[in-house]
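Just so you know, the protein sequences line up as chains W and E, in that order.
Straight run, no breaks: the first sequence in the numbering used here ends on number 703.
Straight run, no breaks: the second sequence in the numbering used here ends on number 95.
Don't read these hints as lab results, they were simulated from the structure.
For each residue, glycine too, the CB sits at the ideal point set by N, CA and C.
Treat the hints with care, as some may be off.
Said to hold, decoys possible - Chain W is faced by these chain E residues, among others (derived, beta-carbon under 10 Å):
{"id": "1", "residue": "P(-8)"}
{"id": "2", "residue": "N6"}
{"id": "3", "residue": "T10"}
{"id": "4", "residue": "Y20"}
{"id": "5", "residue": "L71"}
Claimed, not checked - Straight-line distance between alpha carbons at most 25 Å, and here's what the computed DSS-like set of lysine-lysine pairs gives:
{"id": "6", "chain 1": "E", "residue 1": "K53", "chain 2": "E", "residue 2": "K87"}
{"id": "7", "chain 1": "E", "residue 1": "K47", "chain 2": "E", "residue 2": "K63"}
{"id": "8", "chain 1": "E", "residue 1": "K53", "chain 2": "E", "residue 2": "K26"}
{"id": "9", "chain 1": "E", "residue 1": "K53", "chain 2": "W", "residue 2": "K658"}
{"id": "10", "chain 1": "W", "residue 1": "K658", "chain 2": "E", "residue 2": "K41"}
{"id": "11", "chain 1": "E", "residue 1": "K26", "chain 2": "W", "residue 2": "K668"}
{"id": "12", "chain 1": "E", "residue 1": "K82", "chain 2": "E", "residue 2": "K26"}
{"id": "13", "chain 1": "E", "residue 1": "K87", "chain 2": "E", "residue 2": "K41"}
{"id": "14", "chain 1": "W", "residue 1": "K668", "chain 2": "E", "residue 2": "K82"}
{"id": "15", "chain 1": "W", "residue 1": "K668", "chain 2": "W", "residue 2": "K658"}
{"id": "16", "chain 1": "E", "residue 1": "K87", "chain 2": "E", "residue 2": "K26"}
{"id": "17", "chain 1": "E", "residue 1": "K87", "chain 2": "E", "residue 2": "K47"}
{"id": "18", "chain 1": "E", "residue 1": "K82", "chain 2": "W", "residue 2": "K614"}
{"id": "19", "chain 1": "W", "residue 1": "K614", "chain 2": "E", "residue 2": "K26"}
{"id": "20", "chain 1": "E", "residue 1": "K53", "chain 2": "E", "residue 2": "K41"}
{"id": "21", "chain 1": "E", "residue 1": "K43", "chain 2": "E", "residue 2": "K26"}
{"id": "22", "chain 1": "E", "residue 1": "K43", "chain 2": "E", "residue 2": "K90"}
{"id": "23", "chain 1": "E", "residue 1": "K47", "chain 2": "E", "residue 2": "K26"}
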Amino acid sequence: DAGVIQSPRHEVTEMGQEVTLRCKPISGHNSLFWYRQTMMRGLELLIYFNNNVPIDDSGMPEDRFSAKMPNASFSTLKIQPSEPRDSAVYFCASSLSQGYGYTFGSGTRLTVV
Amino acid sequence: EDQVTQSPEALRLQEGESSSLNCSYTVSGLRGLFWYRQDPGKGPEFLFTLYSAGEEKEKERLKATLTKKESFLHITAPKPEDSATYLCAVQSQGGSEKLVFGKGTKLTVNP
């Protein structure tokens, strides 16, 4: 299995632009998670899906952030408009079920200038 | 609210010098405690899950233990390739699959 695949690996954008991050989970995993990692705050959950349905989006910073999972093999995290404080590494992870560890992707390093 | 505190923030060891990393947690009913390893520029890599106090798990030079308030990651005779950031996370009972992470311990093993 190729693991969790994220794209792009790096993204540099100007403030105010729309940014879309993409994730392909491991086949057969029924939960998908979006995390953000910064030096100050560590890893923070933004949103997670179970069977393509959003379950907990309490970590989504504000209305500028949105996430979708149209099918079991694809998810997107969109930021519109982007701001410099959104600069971070964004990780996608998938899991087989509750109680099992996540498998993380390699992350997308986002820089908003 | 679930909380995880890891100490120390950074640890520097000589090759072969054993030590332990600490993870203290507060959770409303523990479903599982997870240890991950993260190398620079990569995503966290799963190491262990512990489910109940008294449980221990081992992998090569690493051994994780769990009590009702904390977990330890013991590193025996470390090698330079063990250098990484080690993350601890908890999952609470009650249906949510959310993992709450600590900020990690950055381990450096010098040859």
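Against the structure, the hints come out as follows:
For the restraint placing P(-8)/E at the interface with chain W, the shortest Cβ-Cβ distance is roughly 15 Å, beyond the 10 Å limit, so the hint is violated. Checking N6/E against chain W by beta carbon gives a least distance of about 16 Å; that is not within 10 Å, so the hint is violated. A distance limit of 10 Å between C-beta atoms decides the matter here; for T10/E the minimum to chain W is near 16 Å, and the interface restraint is violated. Proximity of Y20/E to chain W holds as hinted, the smallest CB-CB distance being about 8 Å (cut-off 10 Å).
Because the closest C-beta pair between L71/E and chain W is about 7 Å apart, less than 10 Å, the hint holds. A threshold of 25 Å between alpha carbons decides the hint, and for K53/E with K87/E the separation of about 17 Å falls inside it, so the pair holds. For a cut-off of 25 Å, the pair hint linking K47/E to K63/E stands: about 15 Å separates their Cα positions. A C-alpha spacing of about 29 Å is found between K53/E and K26/E, which places the hinted pair above 25 Å, so the restraint is violated.
Straight-line distance between C-alpha atoms of K53/E and K658/W comes to about 37 Å, which puts the hinted pair past the 25 Å bound. Of the pairs offered as hints, the one joining K658/W and K41/E is violated, with about 37 Å between alpha carbons and a cut-off of 25 Å exceeded. Taking the CA atoms of K26/E and K668/W, the gap is near 21 Å; set against the 25 Å cutoff, the hint holds. Between K82/E and K26/E, the direct Cα distance comes to roughly 21 Å. Compliance with the 25 Å bound is thereby established for this hinted pair.
For the given pair, K87/E sits about 22 Å from K41/E by alpha-carbon distance, which is consistent with the 25 Å threshold. The suggested pairing of K668/W with K82/E holds, with an alpha-carbon distance near 21 Å, which does not exceed 25 Å. Restraint check: the Cα-Cα separation between K668/W and K658/W comes to about 9 Å, which is no more than 25 Å; the hinted pair holds. A hinted pair counts as satisfied when its Cα atoms are at most 25 Å apart, and K87/E with K26/E qualifies at roughly 16 Å.
For the hint pairing K87/E with K47/E, the CA-to-CA distance comes to about 20 Å; that is within 25 Å, so the pair holds. Distance restraint check for K82/E and K614/W: the Cα-Cα separation of roughly 19 Å lies within the 25 Å cut-off, and the hinted pair is therefore satisfied. The suggested pairing of K614/W with K26/E holds, with an alpha-carbon distance near 16 Å, which does not exceed 25 Å. Pair hint K53/E plus K41/E holds up; C-alpha atoms about 17 Å apart against a cutoff of 25 Å.
Simply put, K43/E and K26/E have alpha-carbon atoms about 20 Å apart, close enough for the 25 Å limit, and the pair holds. Under the criterion of a C-alpha separation no larger than 25 Å, the hint pairing K43/E with K90/E is consistent with the structure, at around 19 Å. Using a Cα cut-off of 25 Å, the hinted pair K47/E and K26/E holds, with the two alpha carbons roughly 23 Å apart.
Checked against the numbered hints listed earlier, the structure breaks hints 1, 2, 3, 8, 9 and 10; every other hint is satisfied.
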